[in-house]
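**Student:** Residues per chain, in single letters:
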Amino acid sequence: MFQKIIILLIIFFSAVIQVSVFPRLFPSGLSPEIVLMLVIFWTSRDGFEKTWPKAVLSGFMLDLFYFWPAGTNIIAFALVSYGVGFFARRFTISQKNMGLLVLLLLSAMGSAANSLILLILAKIYKGLGLELGIFLPDFWNRMIFLKILIDMLLFVMIYWPLSGLERFLSFYGKKSMQGRFFK
Amino acid sequence: MAILAVCSLLVFLNPKQAFSPLRNFFLTAAYPFQKIFYILSKKTGDTMEFLGSISNLHAENERLIKENSSLISEISNLRQEKKENENLREQLGLIPKKKFDLEAAYVIGQDPQKFGSWLIIDKGTSSGIEAGMPVIVFQGIIIGRISEAYLTSSKIELLTNSLSSINASDSETNSRGIVRGEFGLGVLLDMVAQTDVLNVGDEVVTSGLGSDVPKGLLIGKIQEIKTTQDKLFQQALIVPSVRYSNLETVFVIKKSIN
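In order, the protein sequences belong to chains S and W.
Numbering that gives the first Met the number 0 puts the first sequence at residues 0 to 182.
Numbering that gives the first Met the number 0 puts the second sequence at residues 0 to 257.
This is chain W alone, in the form it adopts within the complex (with noise of 0.2 Å):
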């Protein structure tokens, strides 16, 4: 009873600050273990799916092979593109697209309990990491912020995660909104105006508005568009656009060098 009684009174006051360098110093002498154990269970986990997929390499190989011409023609495009866009950019006078003083980190811990809570990563307070800054994964794919940052560690609130909340826009109609995380299951952006356009298959990127993540960071795509209880607002399911259990590098951004 004594014991119940004292941690229902830790856990009513939740004295965080009084735990944190406890936390440090266990995540610290974690941290050469976390490592190597989540790189051998990276390995050991793709060996398994590896063996367990033996069986639909044929018809993966064929569906390989169709992507890959698709994807040869859609270059050849997007590098017509790139040239008209450097032409007009050179006419119009205008900045590239921002640039990131980016920290790569690895992956080396997640939420046992529920995947797309938390990630950690072997970054911290040592290597300039603090709270609240974005991160990302290869081409400017927002996944989440630091919340936690510690010497040698950090932890990330993942965009799934029900307490992550960001400024986001519809890059195609620009409607703005609050993208919130649904318990670990996936992302909404909500707040949405009834009078604003959202599309489905429109990539949602991030606004830029109200802290400190920059704006056009994508997060995903619009799977599906409903509107709030009271019809005050739209809501629009959004399919991230990478799985967060699978991610293994991740680049912390720690200022946008304009």
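Isolated chain S, as found in the complex (with noise of 0.2 Å):
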């Protein structure tokens, strides 16, 4: 349950900083996916079985966050979250630089998929013609490599501190298992 709480505050607070500090700090188009990177760090730790659940949530939490029809991001974060999964699958992460390496090309990846994924729902709403209020970056430019690139470096900023979390959290959870068989 704790670890739980742990996880919905982490996602609550990375969808805040989304919307109310990086607008602030970088130019339209170029702010970075916070969430989108936990959601790939967890998939390339757990695998999708193990993370779609947290991935549907961040979606959620991004689509109540953004105003946007609730599903939106659900769905492209299920798909980049079974990509990233299947990849890391194939990849060796056992050795530690070359992991660092792999998940970076990874989250590049995911960033990716994501705006294009985005970009192709947005469109396909249009299509539709359904005014969902839905405004996107445009996708093929020069700014989606700049986009990838700050969304690496975020990934690797966040990559340490959610490895201790993630250490501390299994502590933890071993800990309370053992507290509840000693009992």
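It is possible that some hints are incorrect.
With a straight-line Cα cutoff of 30 Å, these simulated BS3-like cross-link-like pairs (lysine-lysine) come out [said to hold, decoys possible]:
| hint | chain 1 | residue 1 | chain 2 | residue 2 |
| --- | --- | --- | --- | --- |
| 1 | S | K122 | W | K41 |
| 2 | W | K220 | W | K253 |
| 3 | W | K34 | W | K81 |
| 4 | W | K214 | S | K3 |
| 5 | W | K230 | W | K220 |
| 6 | W | K65 | W | K214 |
| 7 | W | K42 | W | K81 |
| 8 | W | K122 | W | K253 |
| 9 | W | K81 | W | K230 |
| 10 | W | K253 | W | K214 |
| 11 | S | K173 | S | K3 |
| 12 | W | K225 | S | K125 |
| 13 | S | K122 | W | K225 |
| 14 | S | K125 | W | K41 |
| 15 | W | K82 | W | K225 |
Which residues of chain W face chain S? A partial, calculated answer using Cβ under 8 Å [stated by the list, open to error]:
| hint | residue |
| --- | --- |
| 16 | L9 |
| 17 | L21 |
| 18 | T27 |
| 19 | F32 |
| 20 | T46 |
| 21 | Y105 |
| 22 | Q109 |
| 23 | R242 |
| 24 | L246 |
Hint data in this document are derived by calculation from the structure and do not stem from the laboratory.
Computed from a predicted structure; not experimentally measured.
For every residue, glycine included, the Cβ atom is placed at its ideal position computed from N, Cα and C.
Now that you have both chains on their own, put them together as the hints suggest.
**Tutor:** Okay, here's the thing in structure tokens:
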């Protein structure tokens, strides 16, 4: 339960930061996607099967904060999580340095895929005549490479704190399990 | 596949009202953090901008000195005109400009995907704010309307948002049209009859027709005039009078006091 609350708080505060902090620090279209980076981090560690509830929750939270129709970011995050999980299984992430490099590559792929999926969804909605208030920067220009780079830098910045937190949570989980058995 | 199917169904049905209480809950919970984070990030952004602009300070200073002297002369002219205006109003028995019941609010968030779409402010239904109310900044410049109001925060649909449309007119020639957003990029005065006159540099203001938006609020200046493809109407690109991405404080017009 404690772990779930911590995860929920991390997603919640990341969404708040994404809406209230990054738009003031980065130009339009280059605002980094911290919630997406969290999903990519968790998926690369635990695989899609274990991470999809977190991906769904993250997407839903972002839909609420973006005022988008519920489901839009969930679809994007679920697909990105599936893709990252698929590729993460195929890469070797055993060596420490090599592991981070592969993770960076996965975060870049995830960032690009997320932008593309959202753009396709927005086009589908528009094609169906649904005015849902989704506004996205043009995907196919030079800005996307800069955005991917910023997302990768953000991934590096959150990688160690999240790894530390994960270790703490697993330690806490083991302790509480022991407590339950020995009581 | 099940996730995708459920989400697609949710999006197409788009039950906005069903998620409103949940959105309200999370926005209310996020409100204090959003406010603190937004103010802190603004200060950080300003500092970064300042550090980046140090090399331009000398040129900027010279430009400002020139601008200051021209403004001083403009102020004295305007004082004279104000006096004349007051005299004329007195003679004609006209009421002064409309006054508004304003609610000041801080901006605490904005669309991270594309700026110029929407803003979040720190006032909501608890402060008497309702959907549809116009939002202005200093000196009566309109920036948009409230599209969704929650307990402690509200969403402003900016004029540059493609879903936004507002009746407007050219303040010089009185030509009327509809101001529409251009996907967060700019504002367009559309549906102006070919027989009407538009001039580059003219100010565009709200016409007060067909909505709760009062007459005479400034939108921006005409930058370029063109004709629609079917040659039926004129269109004018408008440069908004404020940069929407840099706003800090806004005012919601709750009602006009005549």
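**Student:** Now tell me, hint by hint, if it's right for this structure.
**Tutor:** Against the structure, the hints:
1. At roughly 33 Å between alpha-carbon atoms, K122 (chain S) and K41 (chain W) are farther apart than 30 Å, so this suggested pair is violated.
2. Distance hint between K220 (chain W) and K253 (chain W) is fulfilled; the C-alpha atoms sit about 26 Å from each other, no more than 30 Å.
3. Proposed proximity of K34 (chain W) and K81 (chain W) is contradicted: the alpha carbons are some 39 Å apart, above 30 Å.
4. For a cut-off of 30 Å, the pair hint linking K214 (chain W) to K3 (chain S) is broken: about 52 Å separates their Cα positions.
5. Our distance criterion of 30 Å between C-alpha atoms is met by K230 (chain W) and K220 (chain W), whose separation comes to about 23 Å.
6. Restraint check for K65 (chain W) and K214 (chain W): not satisfied, since their Cα atoms lie roughly 34 Å apart, outside the 30 Å limit.
7. Straight-line distance between C-alpha atoms of K42 (chain W) and K81 (chain W) comes to about 37 Å, which puts the hinted pair past the 30 Å bound.
8. Taking the CA atoms of K122 (chain W) and K253 (chain W), the gap is about 12 Å. The hint holds against a cut of 30 Å.
9. Of the supplied pair hints, the one linking K81 (chain W) and K230 (chain W) is violated, its CA atoms being roughly 42 Å apart against a limit of 30 Å.
10. Among the hinted pairs, K253 (chain W) with K214 (chain W) is consistent with the structure: their alpha-carbon atoms are about 14 Å apart, no more than 30 Å.
11. Taking the CA atoms of K173 (chain S) and K3 (chain S), the gap is about 15 Å. The hint holds against a cut of 30 Å.
12. Proximity of K225 (chain W) to K125 (chain S) is assessed by CA-CA distance (about 26 Å); at most 30 Å being required, the pair is judged to hold.
13. Among the hinted pairs, K122 (chain S) with K225 (chain W) is consistent with the structure: their alpha-carbon atoms are about 27 Å apart, no more than 30 Å.
14. Under the criterion of a C-alpha separation no larger than 30 Å, the hint pairing K125 (chain S) with K41 (chain W) is inconsistent with the structure, at around 34 Å.
15. Restraint check for K82 (chain W) and K225 (chain W): the C-alpha separation of about 39 Å exceeds 30 Å, so the hint is violated.
16. For the restraint placing L9 (chain W) at the interface with chain S, the shortest Cβ-Cβ distance is roughly 4 Å, inside the 8 Å limit, so the hint holds.
17. The criterion of a C-beta within 8 Å of any C-beta in chain S is met by L21 (chain W), whose closest approach is roughly 7 Å, and the hint holds.
18. Given hint, T27 (chain W) at the interface with chain S, is violated; its Cβ is 12 Å from that chain's nearest Cβ, farther than 8 Å.
19. Residue-level restraint check for F32 (chain W) holds (minimum Cβ-Cβ distance to chain S is 5 Å; threshold 8 Å).
20. Nearest Cβ of chain S to the Cβ of T46 (chain W): about 11 Å, over the 8 Å cut. The hint is violated.
21. Annotation: interface hint on Y105 (chain W) violated; nearest CB of chain S at approximately 11 Å, more than 8 Å.
22. Interface hint at Q109 (chain W): satisfied, since its Cβ lies 5 Å from the closest Cβ of chain S, which is below the 8 Å cut-off.
23. Interface restraint check for R242 (chain W): the shortest CB-CB distance to chain S comes to about 11 Å, outside 8 Å, so the restraint is violated.
24. Of the supplied interface hints, the one on L246 (chain W) is violated, with its beta-carbon coming no nearer than about 11 Å to a beta-carbon of chain S, more than 8 Å.
The structure fails to meet hints 1, 3, 4, 6, 7, 9, 14, 15, 18, 20, 21, 23, 24 from the earlier list, while all remaining hints are met.
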